[in-house]
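Listed below are the residues making up each chain.
Protein chains: 2
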Amino acid sequence: MAVYTEVSDEELEAFIGEYEIGQLVSFKGIAEGVENSNYLIQTNIDTYILTLYEKRVDPKNLPFFLGYMDHLASQNIACPTPISGRDGEALRSLCGRPAAIISFLKGMWPRRIHPEHCAELGEAMARLHLAGEAFPLSLPNVLSVAGWRSLFEQCRDQADSVIDGLEDILESEISHLEAAWPEGLPTGIIHADLFPDNVFFLGNKLSGLIDFYFACNDFFAYDLAICLNAWCFEADGSFNVTKAKLMLSRYRKVRPFTDDELSALPLLARGAATRFLLTRLYDWLNTPPDAMVKRKDPREYLHKLRFHQQVGGPGAYGLS
Amino acid sequence: MAVYTEVSDEELEAFIGEYEIGQLVSFKGIAEGVENSNYLIQTNIDTYILTLYEKRVDPKNLPFFLGYMDHLASQNIACPTPISGRDGEALRSLCGRPAAIISFLKGMWPRRIHPEHCAELGEAMARLHLAGEAFPLSLPNVLSVAGWRSLFEQCRDQADSVIDGLEDILESEISHLEAAWPEGLPTGIIHADLFPDNVFFLGNKLSGLIDFYFACNDFFAYDLAICLNAWCFEADGSFNVTKAKLMLSRYRKVRPFTDDELSALPLLARGAATRFLLTRLYDWLNTPPDAMVKRKDPREYLHKLRFHQQVGGPGAYGLS
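In order, the protein sequences belong to chains C and X. Numbering that gives the first Met the number 0 puts the first sequence at residues 0 to 319. Numbering that gives the first Met the number 0 puts the second sequence at residues 0 to 319.
Be a bit skeptical, because a hint or two may be false.
All copies of an identical chain are treated as equivalent in the list; a pair is satisfied when it fits inside any one copy or across any two copies.
Taking lysine-lysine and the DSS-like style, the derived pairs with C-alpha atoms no more than 27 angstroms apart in a straight line are [as the list claims (entries may be wrong)]:
| # | residue 1 | residue 2 |
| --- | --- | --- |
| 1 | Lys204 | Lys105 |
| 2 | Lys295 | Lys54 |
| 3 | Lys204 | Lys293 |
| 4 | Lys293 | Lys54 |
| 5 | Lys252 | Lys204 |
| 6 | Lys244 | Lys204 |
| 7 | Lys293 | Lys105 |
Note that these hints are calculated values from the structure, not bench results.
Construct all of the structure, not just a fragment, from the sequences and the given hints.
The following block contains the structure:
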């Protein structure tokens, strides 16, 4: 639930006046996302999203994110597009924060995942990966294997207060991942946060992807590993191999895997589970009780990690 | 920030299917209001608000609230109108809660109050009061003087933990209000919660009133007393008599006051300040730390109460 910054009338009016988007007729905070403040804006011309970037987003990376969204739109990927002001600039400032107006994307994120959603996601992800290849900027993934130990060090002392034995589990898992992490897999810009609430559908058809503020350069297969975690487990904790198989097989119709990518998938999936286990643990320990954000339970990702630890090979994800 | 109930795709689709409002193209939780879950719905035809009534609203009063909104719209008061399903019913059920779709009202609530906002509010409130006269249902105000003592009893033991000396202040104030509360003032349906976030403007022109879920039968002048508290104090605590005068004088051009109403205003304003002091105190003590609602500071209303206690007569509000 995210509206961290209240925008005053005068500031809003002056800000909107810098664009050619018509007269404001409605302005409502959106109760979605946890990183930034998002407002739905209606004018007499169209509907838009106003985002104020809060402290989790490093302002120096915003030209990368907005440029990437612009690039994707030019490659016919359905996603929100930054709107430029009269001076040609999309990245502006409002209430002392970096801010941008982006186009409104139709669709709803699925509250309940059906296999067909996963198939659609696989295809869209492959198209996203290919479309990013011509984008000239790059940004390293600070939340990949090289960043996990320092995140762990910041919360290891309190880890067992959240889940008994978690410190040892993470110590041993991170050591394993650091030693075994693959090199040389196909790399490009990945979304890195393709959770269901960032993927919009109209009926069973994917209508677009949103929220590119974790996008970075990393292995393409790591994006798949994140989605195996985020889309293919049921609420009861069971792994739905049909969903995984549909996602992966629709992906590789558009962008075929190398053998190395395929065999690395179980390890990458362990890495992705560890990444979200770590950030959830960190947030669990560091979210003040009066924050207007619901903390997400780290246990969910420990359970997913344990699943991937016992996987024998990519066949467990429905691939032969 | 209010979205307490997550609506699943299947439930939403089935619910929308009961109306003739077109195909759903967007569905977003709104981060406003604290009582109910509100979603902005866009279809290929229009924009709507979906409200799920949470536990603070007594379901047995919903026919009153929705009927009143319908009645107001028929009297050309700008306000959201309940939309009926194919079966003619506006009050339905979704996710186990009473739910309704209401029309979308253009405009934005003012983050900073200008005197002209207060003038517009005065006129709209008077028109609202007159428009309610032909509405056949009635509902007593459970949050007026007769209800304050029981609210106080539920939190008096902890009152001093919030503000030193508050228990004594409230005990003495409630006793005074109970003894001095007027009788026989002009009565009808009042909004009873006309805070700035429930009054929409386009530019400086009032575009409509929303959120009628505290509406009830009470003294018309009590609605004015609530608004003196909610609209006429500056952020630094000072009382802006220009705003009060504009609100009251524009009101009485549409619905003239009786002398009794005028002289009762200071006492009614004390009562209104006490009502919000009590409910804020109650919420302060009873909001769980992980609730996704920002608690409002009771101190603000103690300060306002103290202002009205020292008022000599209605002249303090700019009236002669």
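For this session: If any of the earlier hints don't hold here, list their numbers in rising order.
Result: Of the numbered hints given earlier, the structure breaks just one, which is hint 3.
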